[in-house]
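*Asks:* Chains as they are written, first to last, in the working numbering: chain A, 255 to 676; chain B, 255 to 676.
Warning: the hint list may mix true and false statements.
Heads up, the list lumps identical chains together, so a pair's fine if it works in one copy or across two of them.
Simulated pairs of lysine-lysine, PhoX-like, Cα-Cα distance not exceeding 20 Å [stated by the list, open to error]: (1) Lys659 <-> Lys492; (2) Lys464 <-> Lys659; (3) Lys380 <-> Lys313; (4) Lys432 <-> Lys260; (5) Lys492 <-> Lys629; (6) Lys659 <-> Lys629; (7) Lys380 <-> Lys260.
It is worth saying that the hints were derived from the structure and are not from the lab.
There are 2 protein chains.
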Amino acid sequence: MNTTQKSFTFAESLDRLAQVAVRVGLGIEPGQTPPQELLISAPVEALPLIRRVAEHAYKAGVTLVSPFFYDDECILARYKYARDESFDTASSWMADAIYTAFKGNAARLSISGGNPALLAGQDPEKIARASKISSQVNKPAMEMITRHEINWGIVACATPEWAALAFPADPIDQAMEKLWDAIFAASRVHADDPVAAWKQHSQDLKLRTKMLNARSYAALRYTGPGTNLVIGLADDHKWLGGGGKAGNGINCMPNIPTEEVFTTPHKDRVNGTVRSTKPLSHQGTLIQDIQVRFENGRIVEATASEGEEAFLRLLDTDEGARRIGEVALVPHSSPISASGLLFYNTLFDENAASHIALGQAYSSCIRNGDEMDEKALEAKGANSSLIHVDWMIGSGEIDVDGVTKDGAVEPLMRKGEWVIAV
Amino acid sequence: MNTTQKSFTFAESLDRLAQVAVRVGLGIEPGQTPPQELLISAPVEALPLIRRVAEHAYKAGVTLVSPFFYDDECILARYKYARDESFDTASSWMADAIYTAFKGNAARLSISGGNPALLAGQDPEKIARASKISSQVNKPAMEMITRHEINWGIVACATPEWAALAFPADPIDQAMEKLWDAIFAASRVHADDPVAAWKQHSQDLKLRTKMLNARSYAALRYTGPGTNLVIGLADDHKWLGGGGKAGNGINCMPNIPTEEVFTTPHKDRVNGTVRSTKPLSHQGTLIQDIQVRFENGRIVEATASEGEEAFLRLLDTDEGARRIGEVALVPHSSPISASGLLFYNTLFDENAASHIALGQAYSSCIRNGDEMDEKALEAKGANSSLIHVDWMIGSGEIDVDGVTKDGAVEPLMRKGEWVIAV
Numbered sequence: 255m256n257t258t259q260k261s262f263t264f265a266e267s268l269d270r271l272a273q274v275a276v277r278v279g280l281g282i283e284p285g286q287t288p289p290q291e292l293l294i295s296a297p298v299e300a301l302p303l304i305r306r307v308a309e310h311a312y313k314a315g316v317t318l319v320s321p322f323f324y325d326d327e328c329i330l331a332r333y334k335y336a337r338d339e340s341f342d343t344a345s346s347w348m349a350d351a352i353y354t355a356f357k358g359n360a361a362r363l364s365i366s367g368g369n370p371a372l373l374a375g376q377d378p379e380k381i382a383r384a385s386k387i388s389s390q391v392n393k394p395a396m397e398m399i400t401r402h403e404i405n406w407g408i409v410a411c412a413t414p415e416w417a418a419l420a421f422p423a424d425p426i427d428q429a430m431e432k433l434w435d436a437i438f439a440a441s442r443v444h445a446d447d448p449v450a451a452w453k454q455h456s457q458d459l460k461l462r463t464k465m466l467n468a469r470s471y472a473a474l475r476y477t478g479p480g481t482n483l484v485i486g487l488a489d490d491h492k493w494l495g496g497g498g499k500a501g502n503g504i505n506c507m508p509n510i511p512t513e514e515v516f517t518t519p520h521k522d523r524v525n526g527t528v529r530s531t532k533p534l535s536h537q538g539t540l541i542q543d544i545q546v547r548f549e550n551g552r553i554v555e556a557t558a559s560e561g562e563e564a565f566l567r568l569l570d571t572d573e574g575a576r577r578i579g580e581v582a583l584v585p586h587s588s589p590i591s592a593s594g595l596l597f598y599n600t601l602f603d604e605n606a607a608s609h610i611a612l613g614q615a616y617s618s619c620i621r622n623g624d625e626m627d628e629k630a631l632e633a634k635g636a637n638s639s640l641i642h643v644d645w646m647i648g649s650g651e652i653d654v655d656g657v658t659k660d661g662a663v664e665p666l667m668r669k670g671e672w673v674i675a676v
Numbered sequence: 255m256n257t258t259q260k261s262f263t264f265a266e267s268l269d270r271l272a273q274v275a276v277r278v279g280l281g282i283e284p285g286q287t288p289p290q291e292l293l294i295s296a297p298v299e300a301l302p303l304i305r306r307v308a309e310h311a312y313k314a315g316v317t318l319v320s321p322f323f324y325d326d327e328c329i330l331a332r333y334k335y336a337r338d339e340s341f342d343t344a345s346s347w348m349a350d351a352i353y354t355a356f357k358g359n360a361a362r363l364s365i366s367g368g369n370p371a372l373l374a375g376q377d378p379e380k381i382a383r384a385s386k387i388s389s390q391v392n393k394p395a396m397e398m399i400t401r402h403e404i405n406w407g408i409v410a411c412a413t414p415e416w417a418a419l420a421f422p423a424d425p426i427d428q429a430m431e432k433l434w435d436a437i438f439a440a441s442r443v444h445a446d447d448p449v450a451a452w453k454q455h456s457q458d459l460k461l462r463t464k465m466l467n468a469r470s471y472a473a474l475r476y477t478g479p480g481t482n483l484v485i486g487l488a489d490d491h492k493w494l495g496g497g498g499k500a501g502n503g504i505n506c507m508p509n510i511p512t513e514e515v516f517t518t519p520h521k522d523r524v525n526g527t528v529r530s531t532k533p534l535s536h537q538g539t540l541i542q543d544i545q546v547r548f549e550n551g552r553i554v555e556a557t558a559s560e561g562e563e564a565f566l567r568l569l570d571t572d573e574g575a576r577r578i579g580e581v582a583l584v585p586h587s588s589p590i591s592a593s594g595l596l597f598y599n600t601l602f603d604e605n606a607a608s609h610i611a612l613g614q615a616y617s618s619c620i621r622n623g624d625e626m627d628e629k630a631l632e633a634k635g636a637n638s639s640l641i642h643v644d645w646m647i648g649s650g651e652i653d654v655d656g657v658t659k660d661g662a663v664e665p666l667m668r669k670g671e672w673v674i675a676v
């Protein structure tokens with residue numbers, strides 16, 4: 255990475271992050287044709303970043319930037335004070351609006367940064383009900399995201415609650431500074447030319463996917479403490495990583511940062527046990543030390559040392575919530591993992607360790623999957639669910655093998671590091 | 255007004271303002287049936303107020319509070335950097351969503367407080383184009399507001415830019431404190447029981463409308479410096495003031511504060527000249543010393559000492575923009591007027607002085623008007639337009655007479671004060 259020795263002011267770093275979000279994450283180039291609208295979802299604390307994003311987006315030719323700010327305290331007020339039946343309510347009018355905007359080729363930027371433990375202490379049953387109805391009404395819009403029909407992206411923004419959780423030993427000002435530094439570094443904003451640095455990084459990830467696609471493994475085998483798992487891969491699966499071309503023709507990089515290569519497992523061909531290697535922060539609840547057993551793709555036993563009730567409810571969302579829809583490989587030496595930090599935020603923690611995701615599969619990880627209907631995707635082994643929840647199973651103690659169609663076993667990772675050349 | 259001598263902390267005052275917004279403005283009573291959703295439009299600076307509103311709303315039984323925050327800097331970024339054709343773009347998907355929410359009986363709260371001079375210095379032609387397309391896509395939702403089909407309300411929130419404009423001689427901290435004090439006072443939040451105080455005030459305004467409705471004047475005549483104007487009133491016009499029952503059956507008080515009684519003029523029966531008595535802040539442009547001449551309801555001459563171009567563009571929005579849709583009487587001694595302040599904010603300034611509004615009439619100010627279609631309303635003399643813009647024509651130097659159907663002239667106001675008993 256072609257970094258300089260320059261130091262940057264916070265304002266300069268923030269402006270560069272906004273530029274990376276627009277130019278790399280969303281792939282919006284100056285003078286883009288046809289011009290797009292841009293929808294942004296962000297915590298209110300992200301306002302200074304959003305102002306920089308709005309300027310870069312308008313300068314690149316976006317016609318209208320619509321930021322939707324959410325506030326953790328307003329969300330919490332609902333759990334504290336709203337009448338019980340309200341938890342079966344979701345604003346379908348808003349979900350429809352977002353779907354309509356996406357259908358009209360709007361781009362979508364999410365800012366990650368809400369308090370990961372916001373809903374700790376709230377009734378898990380209410381959280382599950384609210385989450386389920388929200389997933390239902392938002393399904394058409396979310397499918398456009400999982401099918402990558404439009405250019406979309408996520409970048410992070412430090413907030414005090416998140417910083418306090420990630421850096422519990424530090425006073426809040428220092429914790430915020432450290433979290434911002436981690437975000438700026440992982441987002442490669444201090445490279446001489448951040449846009450070029452991201453192109454190079456994307457190229458590196460693509461070489462890895464090319465190697466894996468050439469091998470076309472039938473399954474992956476994971477071994478390590480508490481883990482002895484075979485994950486069959488979907489028929490005609492395809493490894494992806496780095497940037498990709500969305501259905502609307504725009505090259506974008508959905509996750510900033512990203513260190514993973516990922517594909518679609520076969521929903522019926524997962525067997526054995528696996529232990530989580532980092533806590534999962536799901537809708538404000540921390541879930542620690544997950545241990546599950548799969549039989550023919552289905553989770554038949556599940557425990558957690560903390561947040562078990564929330565995890566079991568998550569598995570009960572629908573039939574697909576007990577099966578996995580994504581498998582991703584990340585070397586233990588990735589920059590985010592090397593920081594040694596636990597971020598309690600999926601965007602960071604999933605790029606520090608190999609992981610799997612419960613629920614919905616990405617159709618783009620099946621050859622020609624974006625043109626298939628749900629039934630055809632299912633026949634390939636792609637899982638379907640209202641949820642898509644990543645959790646970490648990789649560490650410096652995990653070995654991963656590739657199992658070929660004729661049963662040969664090839665070492666892919668040892669102690670969390672790649673051992674096969676690209 | 256049954257005020258106490260107690261002093262209140264800022265947090266207490268803010269909480270009381272939130273309570274007034276929910277209980278009085280929107281008329282949402284605890285245990286309300288059927289429960290409603292609540293949409294809020296607010297500047298980002300209103301976050302502390304919105305958090306109090308969310309809590310009171312959920313406690314009163316609202317199922318879902320959806321705050322939509324706007325940010326002046328993001329709006330300004332559009333005018334500075336967006337490509338030219340973007341000013342003919344509006345997010346119709348969002349306008350449709352709000353209309354759908356209103357049709358589903360959602361309540362609507364607006365927080366007034368953006369920088370009144372935000373767009374000063376921006377291209378008036380772009381402002382006019384953006385405003386026109388926005389009015390067009392939002393027309394169905396706005397008609398539900400003007401027809402009062404749902405409970406809706408506006409309250410104010412101090413912001414630094416507004417405070418600096420209203421109190422230019424003070425340092426910003428003191429200006430903010432003074433503006434908040436003015437908002438709290440005008441919103442009657444320090445009464446022993448603010449909800450009861452508003453009921454009493456509403457009753458006082460209703461007695462005034464009862465008197466005016468009993469007289470059923472054919473016209474009002476205004477005389478004063480630069481003003482010699484006869485405003486014919488619509489056939490079957492009805493005076494309104496204070497609270498009212500919305501089409502969904504909920505008693506609400508749309509404007510907090512409110513000091514006006516108002517009705518619908520006849521769109522073809524306005525003749526003579528009139529001069530504005532306070533500056534009009536329209537979409538970020540200040541328009542000063544408006545002077546217009548009406549002929550048979552239509553403005554045929556118009557000048558302004560400042561912002562004339564913006565005013566002329568406003569008149570050119572559509573045919574109805576040159577005619578008036580509302581006439582309102584406010585005594586010069588009203589509490590807001592007595593403060594002697596100019597707020598550069600219609601919610602305050604329109605309750606400090608008698609005023610007229612260019613554009614759309616309120617159908618609720620015509621007997622049975624809420625059941626009439628546009629054609630029937632027009633036959634009564636109600637004006638129709640994409641805009642509804644109030645400006646002030648009252649002061650301590652203006653006399654108002656009522657002209658009866660048989661031509662008798664009765665004094666209503668002298669030097670801006672009521673001279674006819676309720």
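*Asks:* Now look at each hint and say whether the structure bears it out.
*Replies:* Evaluated hints:
no.: 1; hint: Lys659 <-> Lys492; in the structure: within (15 Å within a copy, 83 Å between copies)
no.: 2; hint: Lys464 <-> Lys659; in the structure: within (18 Å within a copy, 88 Å between copies)
no.: 3; hint: Lys380 <-> Lys313; in the structure: between (43 Å within a copy, 17 Å between copies)
no.: 4; hint: Lys432 <-> Lys260; in the structure: within (18 Å within a copy, 46 Å between copies)
no.: 5; hint: Lys492 <-> Lys629; in the structure: within (18 Å within a copy, 62 Å between copies)
no.: 6; hint: Lys659 <-> Lys629; in the structure: neither (24 Å within a copy, 75 Å between copies)
no.: 7; hint: Lys380 <-> Lys260; in the structure: neither (49 Å within a copy, 41 Å between copies)
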